[in-house]
Amino acid sequence: MKIAKNHNDAIETAAMAVAADDSRYELRLYVAGQTPKSLTAFANLKKICEEHLAGRYRIEIIDLLEQPQLAAGDQILAIPTLVRQLPQPLKKIIGDLSNTERVLVGLDLRPARSGMRTR
Amino acid sequence: MVTSINQPRSNSNSKIAARRNGQPKPQALAKTPTGIKGLDEITEGGLPRGRSTLITGGAGCGKTLLGMEFLVRGARDYGEPGVFMAFEENAEELAENVRSLGFDLSEMIQRKQLLIDAVHIQRSEIEETGEYDLEGLFIRLNHAIDSIGAKRIVIDTIEVLFASLSASILRTELRRLFQWLKSKGVTAIVTAERGEGTLTRHGLEEYISDCVILLDHRMHDQVLTRRLRVVKYRGSSHGTNEYPFLIDAHGIAVLPITSLSLNHPASADRISTGVTRLDSMLGGKGYYRGSSVLVSGTAGAGKSSLAAHFVDAACARGERALYLALEESPSQIVRNMRSIGVDLERWSKNGRLSFHAARPTVYGLELHLAIIHRLVDETKPKVLVVDPVTNLNAVGTDVEVKSTLTRLIDLLKTRGITALFTSLTGDYAHAGHSEIGISSLMDTWILLRNLEHNGERNRGLYVLKARGMTHSNQIREFILTDHGVDLINVYTGPGGVLTGTARVVQEARENAEALRRQAEIARRRRDLAHKRAALEARSRAEREQFAAYEEDVLKEIAELRMQDETVAQGRLDAAQLRDANGGAKIKRRRPLRARGGNGEDRKEP
Chain X
9 MKIAKNHNDA
19 IETAAMAVAA
29 DDSRYELRLY
39 VAGQTPKSLT
49 AFANLKKICE
59 EHLAGRYRIE
69 IIDLLEQPQL
79 AAGDQILAIP
89 TLVRQLPQPL
99 KKIIGDLSNT
109 ERVLVGLDLR
119 PARSGMRTR
Chain D
-15 MVTSINQPRS
-5 NSNSKIAARR
5 NGQPKPQALA
15 KTPTGIKGLD
25 EITEGGLPRG
35 RSTLITGGAG
45 CGKTLLGMEF
55 LVRGARDYGE
65 PGVFMAFEEN
75 AEELAENVRS
85 LGFDLSEMIQ
95 RKQLLIDAVH
105 IQRSEIEETG
115 EYDLEGLFIR
125 LNHAIDSIGA
135 KRIVIDTIEV
145 LFASLSASIL
155 RTELRRLFQW
165 LKSKGVTAIV
175 TAERGEGTLT
185 RHGLEEYISD
195 CVILLDHRMH
205 DQVLTRRLRV
215 VKYRGSSHGT
225 NEYPFLIDAH
235 GIAVLPITSL
245 SLNHPASADR
255 ISTGVTRLDS
265 MLGGKGYYRG
275 SSVLVSGTAG
285 AGKSSLAAHF
295 VDAACARGER
305 ALYLALEESP
315 SQIVRNMRSI
325 GVDLERWSKN
335 GRLSFHAARP
345 TVYGLELHLA
355 IIHRLVDETK
365 PKVLVVDPVT
375 NLNAVGTDVE
385 VKSTLTRLID
395 LLKTRGITAL
405 FTSLTGDYAH
415 AGHSEIGISS
425 LMDTWILLRN
435 LEHNGERNRG
445 LYVLKARGMT
455 HSNQIREFIL
465 TDHGVDLINV
475 YTGPGGVLTG
485 TARVVQEARE
495 NAEALRRQAE
505 IARRRRDLAH
515 KRAALEARSR
525 AEREQFAAYE
535 EDVLKEIAEL
545 RMQDETVAQG
555 RLDAAQLRDA
565 NGGAKIKRRR
575 PLRARGGNGE
585 DRKEP
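Chains X and D, in that order, are what the protein sequence lines are.
For the first sequence, this note's numbering begins at 9 and goes up steadily by one.
For the second sequence, this note's numbering begins at -15 and goes up steadily by one.
These are computed hints drawn from the structure, not numbers from a lab.
Just so it is clear, CB atoms sit at the ideal spot from N, CA and C, and this is done for glycine as well.
Treat each hint with caution, since some may be false.
[Stated by the list, open to error] Between beta-carbon pairs, the in silico distance windows are:
(1) E59/X to E77/D: 40 to 48 Å
(2) E74/X to I105/D: 31 to 39 Å
(3) E59/X to R60/D: 53 to 61 Å
(4) T390/D to G81/X: 50 to 58 Å
(5) D61/D to L117/X: 52 to 60 Å
(6) R155/D to G41/X: 31 to 39 Å
(7) G63/D to S31/X: 37 to 45 Å
(8) E91/D to G81/X: 20 to 28 Å
(9) I105/D to G41/X: 19 to 27 Å
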């Protein structure tokens, strides 16, 4: 668990997984203050996780206004940015997560449809 | 040969300071000196303080380097820390790239003079899922600026984001970013790729309009020349031309080469040419200080030797000299000059003489000029030699070479540097042709010619022009001896102009003839004396002979007189006797008749 980067002021919502380790999701949501976009993103994220990852995800919220040094350290430009720390590989999803389809693709919860980018 | 890099900088620094102090315009735009040589002169003090400057140009034209030097100079020379936000390279790569310019980034980073934030963004790792902004970038920048108290910032090259993020959001955010930078009060450089027919590929000039600088590099005859132009500088005057710049071991140097002016002070000071006889040909004193001298001649005419003498004399006076060798390596020059008794090595060892050797084709003309400019700044010479200047023709047309030389000469004249240019000319009739263009720039023109005669080649020297001084109109024979250049009078006589052995032979012949004539004169003189002596002897003998004869004659005369008297006496005696008898007078003739003895006297009466 990457507790080291958990800071006091971060809002932390954890839903500890019961499932096996390899299917556990560790997600970080980078925000800059409680802007409407941030709040929307958090709400959208929570909803998606509950629907698709119930019981095996953990969300860490990082407010860059509080910890600006993490912006460079974690290579964040856009706000909000969701980073999938686990499972590997690292993935970045930017925006308020309102496009659920693309969030699912980004989190590898749904294979990319034809015509979309493949890796 | 390279002096401290800081010397010229502190110079330009104080110049800027002087300009500011001298003209305290309250409304004048505040500027941030870049510390990049030449750029601050073109922009009349630097980039607009607290605003953003757009640097645009094609790939590899030096944008990143210019940005980095702006930060390094700012931190080092102006005490202004800087942030470098890199979108294309990481910190290690950046440090590696500028290490060759003598910038040690890691040390500066440790001292908190510099902060590098490398933005890594990969399209494949990013999924866009709705509304977002670039607040993260702002936070990063803000944090970076605040953590070291940065006054300068470089963003290189933010356009990379166009590949990964949606253009509409990006444009809004960029506008906000540059606005934000302005409010932050940092002086920023933002780099951008040049687009087809536009200043930047993504139209960044739309957002940054205070100052736009365009970098360019062009190939001409396989030679690369970099150029810089200030396209726009709101609220300030600036140099408007394209200025060549170079990137070398000391970073970027821009050349404000169009500072052509004809108001340089003319010195009445004279300096030796290094050859005593040549000095005397030039009114006895040599070249004017700060003048430009052209020594032209055919191959092997002794141009470099003359140049070496000039340099040697300058160094001997304690002045610094710069020798730009465009044909030979310094060690070759030193060796060759040693053979004529000129020891240049001692001067290069004690630092008075600096060599700079480069093949002309290595760079373009502009770059040559830039390098000379830089060397002059660094070594601060009193005399300069370009040997041979005609080699520059290899990298430019006559017109280009002339304009380059004009600028060079202007530079040298404003600094009071006496310059000697050697010029290689073709042989024979066309000697002099190639210099027609540049000779008008020169104050003194010395021509060295090969004089071919009598199966040998000899060197002749004459002064073709020497502005502002009386000079000899004579051709001197130019001889290279093991103790240097020697000028001797050529033979000019009824036999024509002769040099070399022909001169020696002719002189010998004349000497022989003179000797012969003298002998003849002596002989004639002797003859005359002889004759006179003979004549005198003869006349003396005759006189003696005559005297003897005269003596004889006089003696005879005396005898005859005696006889006459004796007869007369006798008659008297007889008459006395007859007187006793009377009739003495008649009988007086008898003794005469008796003495004649002939009977005719008797018949006479």
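Hint check results:
1. E59/X to E77/D: 40 to 48 Å: Hint holds: Cβ distance 43 Å, inside 40 to 48 Å.
2. E74/X to I105/D: 31 to 39 Å: violated (23 Å)
3. E59/X to R60/D: 53 to 61 Å: 57 Å Cβ-Cβ, so the 53 to 61 Å window holds.
4. T390/D to G81/X: 50 to 58 Å: Given range 50 to 58 Å: holds, Cβ gap about 56 Å.
5. D61/D to L117/X: 52 to 60 Å: 55 Å Cβ-Cβ, so the 52 to 60 Å window holds.
6. R155/D to G41/X: 31 to 39 Å: violated (23 Å)
7. G63/D to S31/X: 37 to 45 Å: Taking Cβ atoms as reference, G63/D and S31/X lie about 56 Å apart, which means the hint is violated.
8. E91/D to G81/X: 20 to 28 Å: Holds, since E91/D and G81/X (Cβ atoms, about 23 Å apart) stay within the stated range.
9. I105/D to G41/X: 19 to 27 Å: holds (23 Å)
Violated hints, listed in ascending order, are 2, 6 and 7; each of the other numbered hints is respected by the structure.
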